[in-house]
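J.: Throw the hints in and build the complete structure from the sequences for me.
Protein chains: 2
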Amino acid sequence: MNTNYGRYKALMQKIADVNYAAGVLAWDQETYMPPRGADKRAQQLSTLAGMAHEMATSPELGELLNQLAADNTLSEKEKRNVKQSLKDYNDRKKYSTEFVERTSRLVSEAFQAWQQAKKENRFPLFAPKLEKLVELKREECRLLGYEGGHPYDALLNQYEPGAKTKDIDVLFADVKAKLVDFVKEIAAAPQNNDSFMHLTYEKQKQWDFGIELLKQMGYDFEAGRQDISTHPFSTSFSSQDVRVTTRVSENNLNEMIWSCIHEGGHALYEQGLNIDDYGLPTGEAISLGIHESQSRLWENNVGRSLPYWRCNFPLLKKYFPVPLSAVDTEDFYKAMNVVRPSLIRTGADELTYHFHIMIRFEIEKALIEGSLQVKDLPDYWNRKYKEYLGIDVPDDTRGVLQDIHWSHGSFGYFPTYSLGSFYAAQFFAKASAQIPGLAGHVENGNLAPLLKWLRENIHQYGKFYSAEELCIKVTGEKLNFGYFMDYARNKYSRLYNLPSGRQELKKETVS
Amino acid sequence: MNTNYGRYKALMQKIADVNYAAGVLAWDQETYMPPRGADKRAQQLSTLAGMAHEMATSPELGELLNQLAADNTLSEKEKRNVKQSLKDYNDRKKYSTEFVERTSRLVSEAFQAWQQAKKENRFPLFAPKLEKLVELKREECRLLGYEGGHPYDALLNQYEPGAKTKDIDVLFADVKAKLVDFVKEIAAAPQNNDSFMHLTYEKQKQWDFGIELLKQMGYDFEAGRQDISTHPFSTSFSSQDVRVTTRVSENNLNEMIWSCIHEGGHALYEQGLNIDDYGLPTGEAISLGIHESQSRLWENNVGRSLPYWRCNFPLLKKYFPVPLSAVDTEDFYKAMNVVRPSLIRTGADELTYHFHIMIRFEIEKALIEGSLQVKDLPDYWNRKYKEYLGIDVPDDTRGVLQDIHWSHGSFGYFPTYSLGSFYAAQFFAKASAQIPGLAGHVENGNLAPLLKWLRENIHQYGKFYSAEELCIKVTGEKLNFGYFMDYARNKYSRLYNLPSGRQELKKETVS
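Chains as they are written, first to last, in the working numbering: chain A, 552 to 1062; chain B, 552 to 1062.
Derived by calculation from the structure, the hints in this document are not laboratory data.
Please note: incorrect hints may appear among the correct ones.
The list cannot tell twin chains apart, which means a pair is met if one copy fits it or any two copies do.
Below, a list of computed lysine-lysine pairs in the DSS-like style, where the Cα atoms sit at most 30 Å apart [as the list claims (entries may be wrong)]:
1) Lys644 x Lys560
2) Lys754 x Lys766
3) Lys1003 x Lys560
4) Lys754 x Lys869
T.: Structure follows, in structure tokens:
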């Protein structure tokens, strides 16, 4: 190996060591840390973050990267790593220590204020901090630059490198044009019954069932584990130690099932990254959108499908013969796919979910542009919920205060959730075309061919390709919302017996 | 606060953040980490250790400490912190990066070799690595210096600052002179029955009982937690997050009980350190010997006493009415205090335990002096076990290969185990004299007065005092083996109905 490249790799691995160490501390914080440990843990995390930042912006690394960028002897993969690392380096250098510290302080204050405001349903408690955060984010856009595009591009790019506000605008215009009407059509049809999802389901049995689902997906328990946390998440300390968490509610079967499969999907991506590229871009996930595509593909395209439950519902029924005695696979499939406009994003069905995201995207864009003031936010929010979802928001706690993101200063994050679902639909369509008899495999509980396809087409590359490049390479075209819409029409027309879907229903029963 | 002192404190806290972060990773490694995570975890730990070492030997810290050492405006506590930190700084500076890296590599190889050798009962697999380790340790003694004393002093001091080989020689001569004969006297008496300790005890119930014991001791579960690990340990990430682990064996009640109380004792010390002194010497335990005094005091002086089980045996019997149906408190007390020479240190009773330590101490000293060669080690070991414990060592796995310490390069560590027990006896004698009705409190399950005494007399000071200073301050004299011997004679003469103890028996029954 090129000596400089070797030095670069060693430096990057050290940075990764520190970042992953912070990851272990954060995982512990959410799973096992005793309450009084919180104060010092925050300090320990902040010290590690500061050290990682220092290493990642060191002159040593900068010089090395600039030398390597001019080095023609590197392999294609080495070149891509260097190019990506140099971009990251230059981006990070745009932040002064003063700015980083100011952000860290403000976020910490804003998070406290948000918690209080949400608890007491008093938006004004959070508003002054949010105003400052918006100001800071506008400053951050100027620091980072946005090359003649929308200032919000700078924020988007932190989570979805290469994404443009104008493209997301086009995308959501499409969503609005097609999905809003389709959901209205569903709303006019008789609702399916999902009341049995809320009977009593013993927690330990749910847990055991969830573990079986993860194993079936191919999640490697030798390189990961599942624990309980308030908010489910997945996290990684190398592709050899990728963890998931879940929550289990005795009176809501949905909680455990969807968090298990969703986080499992994220984790399979991380477990599929190349361990030899630990610390390098090619050993990292591409973007939040592509990450979310993996969780959504497993959660929605696989986990909310009929073949999946033809295999797994009988198993679930063994665990819970009493509450599910009068339920059959088809009833269960219908129940888990009930479309019902609701207040809370995280509990939304896979269609109305995107209205939640659209609202947040519009708000973030307007705040960053300066066309919306923080004080007007609750009114704006509530109007949008009426407009897109047709529901009245009873209070800010279940409205504008519901999500943690803004209190963390995470602007530009929300759109990646929708991007993920849309990528998932497009990838899954391609996988279905390329894997002979995929639905049959799923029905037999054989998910290995799908995981193999994802490993080969997506996971193994890390950041070798950008999201757009990968999408074109895998599916032959850029992100196309049409795949999601086709998937949605096909599935929900059958589920709700809509006129537009009769044709598809027939097709599916034959296949 | 003095500006320089403030800067010093901030630097020390950063170093502590990194060290405690490594502590979290190590804890996770022993409790929850999936097997395939091991490789990268080792690398992450090594990176954090390297960074902490770099910070702790930085010129910035050195200059600051030297300035502060000449600063007369500091308070007494500040002065002691600076003095201790400067000593630590100068000690650390004696290690070159080359030496640290060489050690780290060798330890890693030696550990692998030891594991293999122990598994296959083949000492020669470990011997070459151990030879190199001994050579390295001799080099380390020269690096560190030992001021005209024994080279082994340099190693001892890493675990027990201020300890001298010649003092430990005197101490163990005393142990040999008094304890060997006393144990022989016990061996001649009829043995007590402890077979019921090895019936079947359901693990979950043992766990629940252990949690009750920890709560009764005053271990704060808001600032700590217990988990399962192969080898029980306690660890701390600040005095607000101090964790213990235990192991539970279905057929050996001793495992859980003694690890729970022992690690609980360690943890109470850490929980009693001043959080405002986080990262400073006064926020750290004095030495391994004093640390061990806290675990041994709870384990032996409290936990293996009759009053303790007068309170807790009825509770234990509620958990296990069947296997303990024919057992009463006195039987149980006798069973847990059976003295029986044995091969394995960690399972030894509280008297013969010290023979195991003496043997290791003699060996380490001889290896470091060069008067014993590694190749002669198994013979030497086996001869000593015959001489001090009267037993034949059937194989090296249960002999010279049993302990992990040497494979880790931890020479000088073992003696602190005995020091701990002897300090414990001395402290407990003083506590008993100063806390009115202590035995009665223990019998009522009220351990708060004892914890309060330990907090006030020992825990709160951290490293403000050295081990010797503390011992004198608390008990009025230096470490005196006589306290342990008195405790042992009193207790075991009664337990084994020895002639020499009849008098004490009478006294105890009256009191």
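J.: Can you give me the call for Lys754 and Lys869, within, between, both or neither, at a CA distance of at most 30 Å?
T.: Answer is both; intra-copy 15 Å and inter-copy 28 Å each pass.
J.: For Lys754 vs Lys766, is the C-alpha pair at or below 30 Å within one copy, between two copies, both, or neither?
T.: Both: 19 Å inside a copy, 27 Å across copies.
J.: Is it within a copy, between copies, both, or neither that the alpha carbon of Lys644 lies no farther than 30 Å from that of Lys560?
T.: Intra 19 Å, inter 28 Å, cutoff 30 Å: intra and inter.
J.: Up to 30 Å between alpha-carbons, please classify Lys1003 paired with Lys560: within, between, both or neither.
T.: within (28 Å within a copy, 53 Å between copies)
Comparing the model with each earlier hint shows no violations; every hint is respected.
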